[in-house]
Amino acid sequence: MNGLGRILLVEDDPKDIDLTLAALAEYNLANEVIVVRDGVEALDYLHARGNYRSRARENPAVVLLDLKLPKVDGLEVLREIRSDERLKLIPVVVLTSSREDRDMVASYKLGVNAYVVKPVDFHEFVNAVKELGVFWAVINEPPPGSVAGRK
Amino acid sequence: MSVRALRPYGLALLAIAVALGLGLAAERVGLEDIYRPLFIIAIIATVWYGGPRPGVAAVVAGALCVDYFFTPPRYALSFERQDFANIGVFVVFALVIGGFAARRRRVERDVHGALDNLKKEVAVRTRQAGLLDLTHDSILVRDLNDVITYWNRGAEELMGWTAEQAVGKRAHELLRTVFPRPFDEIHAELLRTGRWDGELTKTTADGKQVVVASRWSLQRDPDGRPLAILDTNNDITERRRREDDIRRLNAQLERRSQELEASNKELEASNKELEAFAYSASHDLRAPLRHVAAYAELLQKTAASVLDERSRRYVSNVLESAKKMGALIDDLLAFSRIGRVETRMTLVSLGDVLREVLRDVERETAGRDIAWKVGAPLPSVHGDRSMLRLALSNLVSNAVKFTRTRPHAEIEIGCRNGPSEDVVMFVRDNGVGFDMKYANKLFGVFQRLHLPEDFEGTGIGLATVQRIIARHSGRVWAEGVVDGGATFYFSLPKP
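Same order as they appear, the protein sequences are chains A and B. Under my numbering, the first sequence has 20 at position 20, and the numbering climbs by one with no breaks. Count along the second sequence from 1, add 151, and you get the number used in my numbering.
Everything labelled a hint here was simulated from the structure, so no lab data went into it. Careful: at least some of the hints might be erroneous.
[Unchecked claim] Quick list of the computed label-pair ranges, beta carbon to beta carbon:
no. : chain 1 : residue 1 : chain 2 : residue 2 : range
1   : B       : 506       : A       : 50        : 13 to 21 Å
2   : A       : 49        : B       : 506       : 36 to 44 Å
3   : A       : 28        : B       : 417       : 49 to 57 Å
4   : A       : 49        : B       : 606       : 18 to 26 Å
5   : B       : 646       : A       : 49        : 55 to 63 Å
6   : A       : 14        : B       : 418       : 35 to 43 Å
7   : A       : 84        : B       : 646       : 45 to 53 Å
8   : A       : 56        : B       : 435       : 34 to 42 Å
9   : A       : 28        : B       : 565       : 47 to 55 Å
10  : A       : 15        : B       : 490       : 28 to 36 Å
11  : A       : 14        : B       : 426       : 24 to 32 Å
12  : A       : 49        : B       : 490       : 44 to 52 Å
13  : B       : 590       : A       : 28        : 20 to 28 Å
[Stated by the list, open to error] Partial list, computed: chain A residues near chain B (C-beta under 8 Å):
no. : residue
14  : 13
15  : 17
16  : 121
17  : 122
Think of the CB as a built atom: it goes at the ideal place given N, C-alpha and C, for glycine as much as any other residue.
Let's have the full structure, built from the sequences with the hints guiding it.
In structure tokens form, the structure reads like this:
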């Protein structure tokens, strides 16, 4: 499947990974999803260092970011993305279980593009992921330096 | 001259006339020489009662009568040499007597004057002593041996002994005085400086202890020798008790505030824990639930063809329960957030808030016949906008939910702006209502009055309303009739 940007999914919970991938697969968005399991790995990927030293240097089209992560949490990852000249234009969507206002406020303060509370209802989740994926990875014109969609 | 001044002279003439009459009568019965002492007695009587001047008049009149009536030639005023001697002796005698009488009168006058002065003095002193009785202070005078010599009414009232009982007793034995330092020291100070004051504890006649502010003053005689001690006392028992009370209360307050501080710290700690708990619940509790629901849904989708009817129902129940629990967790978290989050107080237009709420419920009410009635302009109140919106939204959703069985639903939202200090809002519906017997259960967490298959819900909505209104210093209550609709009220302080 062509025409899609690369999606970086930062998620520690294997079931959530499974379900997110399932949701993305419903709309044929599952290819080119890179899954990382914690904040450190996410930053390694984004900075192309450590295990990802040899990866191609394009930025992902969108980052789907969980907030509660081992080692370095999602807000910290977001802060680092926004403070790095080369990364700060990447669209970031926070996908989280938390309905807490303070997480949402903190995320928006750090310049998140969208904040999605994962609904208990799976098909609602599928809809949300679809909309997000379609918007950020397909419709949205990615900033220069990303893996551009070939529409 | 007044009649009163003439009266002694009349007395003189009367006395002489009586003496003359008696002399002439005596002469008739042969007692010839008795007239002289009779005139002397008349003159003495005149001088004694009438004074020296009428006495002189009596002497002159007596001498003339003696010469005229008794000395020869009788019944003629003729003055022989012998008569002059007689009259001379008579006059000298009368003058001596008169002198004594005058002196006596002077002495008598002096004595009377002194007596009058004494009486006046006594009256003044009595008045002054009476003033001492008027004062509320308890005043006593004691000599240097501590024996009471004066005891005013204030002392009687305070200590319970009358003056008769107290005078003559040793003051500090009678009163069982407790001194703050040795009596000898106090007494020495009094003798040295002439005064002393301090607080003393004494015991009254009926055994009660009183605290007095005592002031002692030393009275000295003109030579400077100590004479007596004036001992004035104010009852300060009540004041001391109040002071003690205040001290005790202050100590109590101090202790309480320490306790409060400690429990505040505990509360803070437990609030932090609660916060952490809620945060964790928000993240960690919902995640597995989402997984249960999601996999059940996936299973429904992928295995629908291989599952029999019963298994499909099981999967559907799993899904439903997971969703229910998700709703419960969300509501509980929202409920707990009201207690944890700080309120952001602004002036909130309830009319605006209600419009937003009604827009939100439009989706739920699509296809239903609901007559909305919104009362005249709703007031503005001071409050946290998002919380008030949640409260109003819960009440409106409630009304929508419990009128679902009505073909034609009526929901009225309005304001009862009475003369009181509060704004009273109400949401009224013609739904299934409730039994007033259970009115107290309406606002409890997880309290439900209906079966879940009749009306869905978590039992947290009204509890949330109550918590929000309570945080705004308001009150919630409800009225209802089974199958006759319900009205929910909440009050908020006027801005």
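Hints versus structure:
Between residue 506 (chain B) and residue 50 (chain A) the C-beta distance comes to about 54 Å, which lies outside the given range of 13 to 21 Å. Roughly 53 Å separates the CB atoms of residue 49 (chain A) and residue 506 (chain B), a value that falls outside the hinted 36 to 44 Å. Checked against the given bound of 49 to 57 Å, the beta carbons of residue 28 (chain A) and residue 417 (chain B), roughly 56 Å apart, stay inside it. Between residue 49 (chain A) and residue 606 (chain B) the CB atoms are about 57 Å apart, so this pair departs from the stated range of 18 to 26 Å.
Our hint of 55 to 63 Å for residue 646 (chain B) and residue 49 (chain A) holds, since their Cβ atoms are close to 58 Å apart. Restraint check, residue 14 (chain A) to residue 418 (chain B): a C-beta distance of roughly 39 Å satisfies the suggested window 35 to 43 Å. As the Cβ distance of residue 84 (chain A) to residue 646 (chain B) is approximately 48 Å, the hint placing it in 45 to 53 Å holds. Between residue 56 (chain A) and residue 435 (chain B) the beta carbon distance is about 36 Å. The supplied range of 34 to 42 Å therefore holds.
One distance hint, 47 to 55 Å for the beta-carbon pair residue 28 (chain A) and residue 565 (chain B), holds here, with the actual separation near 53 Å. For the pair residue 15 (chain A) and residue 490 (chain B), the supplied restraint of 28 to 36 Å holds, since their beta-carbon distance comes to about 32 Å. Between residue 14 (chain A) and residue 426 (chain B) the C-beta distance comes to about 29 Å, which sits within the given range of 24 to 32 Å. At about 45 Å, the CB distance of residue 49 (chain A) to residue 490 (chain B) agrees with the hint of 44 to 52 Å.
Separated by about 56 Å at the C-beta atoms, residue 590 (chain B) and residue 28 (chain A) break the suggested range of 20 to 28 Å. At about 6 Å, the closest approach between the beta carbon of residue 13 (chain A) and any beta carbon in chain B falls short of 8 Å, and the interface hint on this residue holds. The interface hint given for residue 17 (chain A) is broken, as the beta carbon of that residue sits about 11 Å from the closest beta carbon of chain B, more than 8 Å. Nearest Cβ of chain B to the Cβ of residue 121 (chain A): about 6 Å, under the 8 Å cut. The hint holds.
Residue-level restraint check for residue 122 (chain A) holds (minimum Cβ-Cβ distance to chain B is 4 Å; threshold 8 Å).
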